[in-house]
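Chains as they are written, first to last, in the working numbering: chain A, 80 to 701; chain B, 50 to 281; chain C, 3 to 290.
What the hints contain is simulated information worked out from the structure, not anything from laboratory work. Treat the numbers as computed from the prediction; the structure is a model and nothing was measured. In this text, a Cβ means the ideal position worked out from N, Cα and C, and glycines have one as well. Be aware that one or more of the hints could be misleading.
Which residues of chain A face chain B? A few of them, derived with a C-beta cut under 10 angstroms, are [as the list claims (entries may be wrong)]: (1) S464; (2) D467; (3) T476; (4) P477; (5) P496; (6) A499; (7) H652.
Calculated cross-link-like contacts (lysine-lysine; reagent style DSS-like; alpha-carbon spacing at most 25 angstroms) [stated by the list, open to error]: (8) B:K171 <-> C:K161; (9) B:K157 <-> C:K161; (10) B:K123 <-> C:K161; (11) B:K256 <-> A:K628; (12) A:K643 <-> A:K486; (13) B:K256 <-> A:K545; (14) A:K513 <-> A:K449.
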Amino acid sequence: MTISTQPDQQANSRIGKAIAWSDLISIAAAVFVLLIISLIVDPYLAYVATSWVIFGIVGLSLDLVWGRAGVLSLSQTAFYGLGGYAGSIAAINFSYLTGNTLIWSLPVGMLVGGVVAAFISWIIFYGRMGVLQTTILTYTFTLVLWTATVSFSTKVGKAVVGGDNGMSNIPPMILGLGDAAKQLEPNAMLVTVVLIAAILYALCKALAKSPFGLIIDCIRLDPVKAELLGYDIRRYQLILFTIAGGIAGLAGSLFAAWSNYLNPSIFNVQEALSIPIYVLVGGRGTLVGAFVGALAVGGLSFWLGGGVIGGQTTLVMGVCLILLVLFMKSGLLGGLAQLFALFRSKREAKQAPIDQTEQRVKIDFDLLDKIRLHANTNSQSVELSSVDALKSFGGVTPVNRVTQSFKKGKVRCVIGPNGAGKSSYLKALAGTYKLDAGQIKFGQRDITHADPFDRVRQGLGIKMQKAQVFDDLDVRTNLWIAAYSRDRNREEADRVSGGMLKMLGMVAQGSKPASQLSHGEQQWLDIGMVLCLSPDVMLFDEPAAGMTKDERRQLSQLIKTLSKSAAVVVVEHDMDFVRTLDADVTVLHQGEVFAQGDIEVLRKDERILDIYLGRRKHVQAH
Amino acid sequence: MFKLTNATGGYKKTTIIRDVSLSIAENEIVALLGRNGAGKTTVIKYAMGLIDAFGGSTSIDGKELPVSTAKRVKAGIGYVPQGRNVFPRLTVLENVAAAAIACGHNRKDAEERALSDFPMLKPKASVLASSLSGGQQQVLAIARALATKPRILILDEPTEGVQPSIVDEIAEVIRKLNRDKGLAVLVAEQDLDFCLSLADRAYVLDKGVIAREATKSEILSDMELQHELLGV
Amino acid sequence: MEIDYLLVVLLSSLTSASVLIIATLGLAVIFGLMGVVNLAHGEFIMFGAYTALVVTRSGVPFSIAVIVAALVTALFGAIVERVIIRRLYGRLLDTLLATWGLSLVLYQSAVLIFGSVTPGIGMPQSNVRIGDYTISSYMLFLLGVAIVLVLALYWLLTKTGYGIVARAAIQDSETASAIGIESGRINTMTFALGSGLAGFAGAILLPAVPATPGMGFAFVIKAFLTVVVAGPVTLTGTVLAGGLLGSAANIVASFWTTVAGNIVFFMLTMGLLRLYPNGITARWNRKL
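Generate coordinates for the entire structure from the input sequences, incorporating the hints supplied.
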């Protein structure tokens with residue numbers, strides 16, 4: 080097949096790059112329109128609308144962690160409130176120095192919001208808490224702040240935090256320095272807040288498109304796989320959470336300057352509730368949806384305000400939330416996008432399908448060599464070994480005192496009947512199962528207690544039994560993320576993932592979501608991702624499942640090639656395939672090593688046939 | 050007695066089995082053979098109403114079964130799922146009792162019968178099912194299915210990860226139930242010998258369709274077919 | 003420090019742990035066993051409290067009002083399960099948001115119907131003397147209620163047919179259906195049981211904790227933290243976690259302030275969760 084490299088390069092250059100010009104232009108255009116509107120609306124509306132934009136910023140901070148990372152935090156209003164208090168205390172005490180208030184309150188609010196968020200997320204993510212525990216913990220954190228602040232009074236410099244009475248005399252938004260400093264009029268205030276929101280939005284958008292953002296996407300889609308690509312997912316989640324906390328804190332100090340007054344009700348349940356509502360209404364994961372939602376909800380209650388529902392906002396919000404969750408999962412923007420997608424898919428259906436008959440895997444030894452050469456293989460012969468490894472679940476012991484060591488040179492196959500503990504053993508080697516007893520060593524280092532990402536960084540690569548790919552990301556990005564993990568270099572990742580894409584024969588499918596690949600193609604993609612990591616030890620769990628005869632031959636050759644420079648362990652069911660690998664074979668049975676040796680010798684061993692084929696005396700007897 | 054007619058089904062939009070038809074008479078033990086991924090489990094889940102059915106029907110005595118899995122069980126299908134799926138935080142007896150109670154049978158009788166059918170469960174009667182070994186869990190899953198007083202017992206890979214001695218015991222009990230009580234059995238297996246020790250007849254599944262139907266002696270004499278089935 | 007003072011502190015810690023356990027048991031069933039995040043749990047307690055209040059005011063003896071409140075709340079829970087929760091099984095965070103919405107609706111409805119302040123039910127106050135100190139006899143009674151309630155629930159879930167079937171359905175609903183259990187009906191019943199326990203809690207605590215529309219918020223935090231700390235061996239875990247957290251908070255509160263007690267409660271939870279992310283009973287081998 081001949082495919083020009085031109086479109087290839089272009090497609091590559093998009094992955095992990097900062098925000099595109101087209102995005103910036105559309106943001107600028109939207110901001111321009113909003114600014115014009117901000118200048119001409121009625122000052123009272125401008126004043127009220129300022130708060131909607133501020134709520135939108137808090138929503139943005141939630142959408143970062145919820146929409147992008149998949150963690151529903153109910154403590155965004157806590158960071159928001161704490162940031163508001165802290166920023167205001169700074170503004171009250173120091174604004175006389177410069178006249179300007181925001182220059183004090185915004186950074187302090189952001190810092191405090193971020194630091195508190197960092198602390199909370201440290202507990203959550205480094206404790207590897209579940210999604211649910213996380214949400215409940217963040218919720219209780221907010222409510223505890225609410226109960227605690229009601230009776231909490233103190234004096235910080237000139238600022239008085241008066242418990243339930245709140246904190247008054249918070250200076251308004253003042254821009255300009257020294258003599259030029261003056262309080263903003265409502266319209267100017269709205270303009271300022273819109274500009275700040277636009278900058279934050281553009282930064283978040285850029286973050287989402289950066290490698291960091293892509294990794295966050297991967298963590299949302301499949302945290303286990305993200306970790307098996309060598310990413311310390313806890314660190315990424317903590318950083319994202321901290322950024323989101325900072326944004327919420329900044330919004331809090333804007334809010335304080337807007338209202339000139341804060342009290343503990345900022346931490347109450349209604350406040351905490353309204354943020355996910357904005358995000359849900361606008362559309363989760365879109366970032367801009369938070370603003371759409373805040374404006375829609377704010378606008379609606381503004382026009383209805385004073386009417387029938389004036390006093391019953393809580394009731395209406397509660398009902399709205401139930402209905403939203405039950406009937407409108409993807410929000411306003413999501414609904415629009417679905418309509419649009421429907422329209423587009425109709426048009427695309429008419430286009431002729433791409434001819435894929437030419438697509439097939441072709442081993443690119445050159446590429447493999449390059450990747451291998453690049454890998455830090457200063458250790459000539461890395462050895463992975465397990466000593467008396469034991470793992471049990473209740474009364475089942477899938478890994479029972481297994482002692483093995485794996486070196487480069489010859490492929491090692493692990494076989495055994497269904498349920499013999501093969502996959503469990505690989506998982507124990509990779510660290511997704513923690514051993515109950517025994518030891519796992521990588522070279523000289525004891526990695527028994529190392530996290531999976533740590534083992535991958537050391538040079539381990541694993542393909543699990545079920546192909547793990549990031550469904551919503553396209554094929555090229557899947558490979559790119561794996562390649563990027565190795566040395567965190569964009570160009571290098573472009574090069575390696577581009578080469579791997581060609582080797583897998585998937586260039587034409589490069590921009591397809593991985594979920595649309597067939598079972599066999601997903602297997603190849605997953606194998607490709609492991610190869611991109613260029614590990615010194617590779618573990619493959621049933622790599623040939625779902626592949627055609629021809630593909631199996633390719634795979635067999637690939638594995639043999641790999642084994643020359645890396646230790647390769649293959650768990651396999653298909654004995655024909657095992658035979659082609661010319662491998663040393665370990666037979667597992669009931670979690671224990673049952674036999675070991677050459678496949679042809681083992682094939683003649685009656686004992687092994689007995690357990691492997693379930694052959695027993697009673698068969699003939701019957 | 051038990052019949053699948055043109056069963057077509059799968060998950061969401063993916064069709065995995067197509068036009069699978071099979072029938073099992075009273076007193077009969079039938080095997081469902083095929084390599085990994087041939088669709089054996091899907092056929093069984095179809096029969097249990099556990100996957101999306103795109104066409105075809107499941108019937109007992111010519112009467113089509115309701116969609117609900119629970120109702121199918123009450124209509125007389127006993128099911129032993131792949132991977133056993135005993136309730137981990139229920140005791141051994143509670144596992145059996147849950148099935149009996151759900152189908153409106155006497156709990157005590159069911160418990161006593163389970164222990165007399167499977168004496169190896171006796172010492173474990175009041176420990177949590179999660180602390181049983183794989184083989185013991187398999188036996189428990191069968192005892193549990195029998196507590197629903199089925200007319201046909203469907204087993205999905207009952208030998209997976211089970212030590213040979215227990216496999217023998219399982220085969221013995223199934224044979225006895227079939228002989229004494231006329232229980233019909235459908236067993237999906239990769240373990241050819243286990244199947245042939247029980248069944249007189251087998252359906253061979255390949256890529257989601259019935260590739261052929263064969264008697265025990267046909268399979269025993271056909272080495273080619275045996276090797277194909279085992280993938281050895 | 004005198005012995006009688008220590009005894010009083012001990013007893014009051016135990017009673018406040020009992021209050022926590024009584025208020026948490028419903029959630030232990032709904033969240034701990036069924037895995038349904040019911041953020042409206044606090045409002046279910048309030049629902050029970052107001053029901054008991056209304057029934058008592060109409061002249062029915064308090065003891066009967068408590069039973070009525072439990073039954074009415076259970077019925078309400080069954081309806082909520084059928085209308086909302088059922089559509090959201092397997093969608094954890096959505097359940098959480100929807101029940102949060104429900105909690106607000108209930109709260110605001112209570113404000114509309116009863117106003118934000120309601121009179122108590124005027125039970126005669128009686129105290130037990132211990133040395134120089136006194137302790138409310140109703141609080142001591144609650145200690146007994148907690149013990150009886152835990153034992154009754156344990157009996158219901160382990161000895162009765164319903165209990166066994168319900169636990170099976172909760173642990174693995176697909177397999178449960180494959181042995182003939184109709185999970186839908188059982189889930190409604192179990193949710194109703196949890197709701198009924200919440201209603202019972204609101205009612206039985208009425209003499210100690212007056213009914214207010216916002217009373218749920220105070221309970222829901224602690225109840226959730228208790229169940230999350232408890233982990234998979236729900237009932238035993240809840241008793242342990244509730245006892246530990248409730249009495250620790252009470253001791254701090256009696257030496258210092260209620261707010262400090264709350265903060266200690268929260269910090270202790272954070273610390274325990276950091277050590278046992280899946281709850282203190284995560285590695286236990288017990289059934290309930």
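What hint numbers does the structure not satisfy? 1, 2, 14
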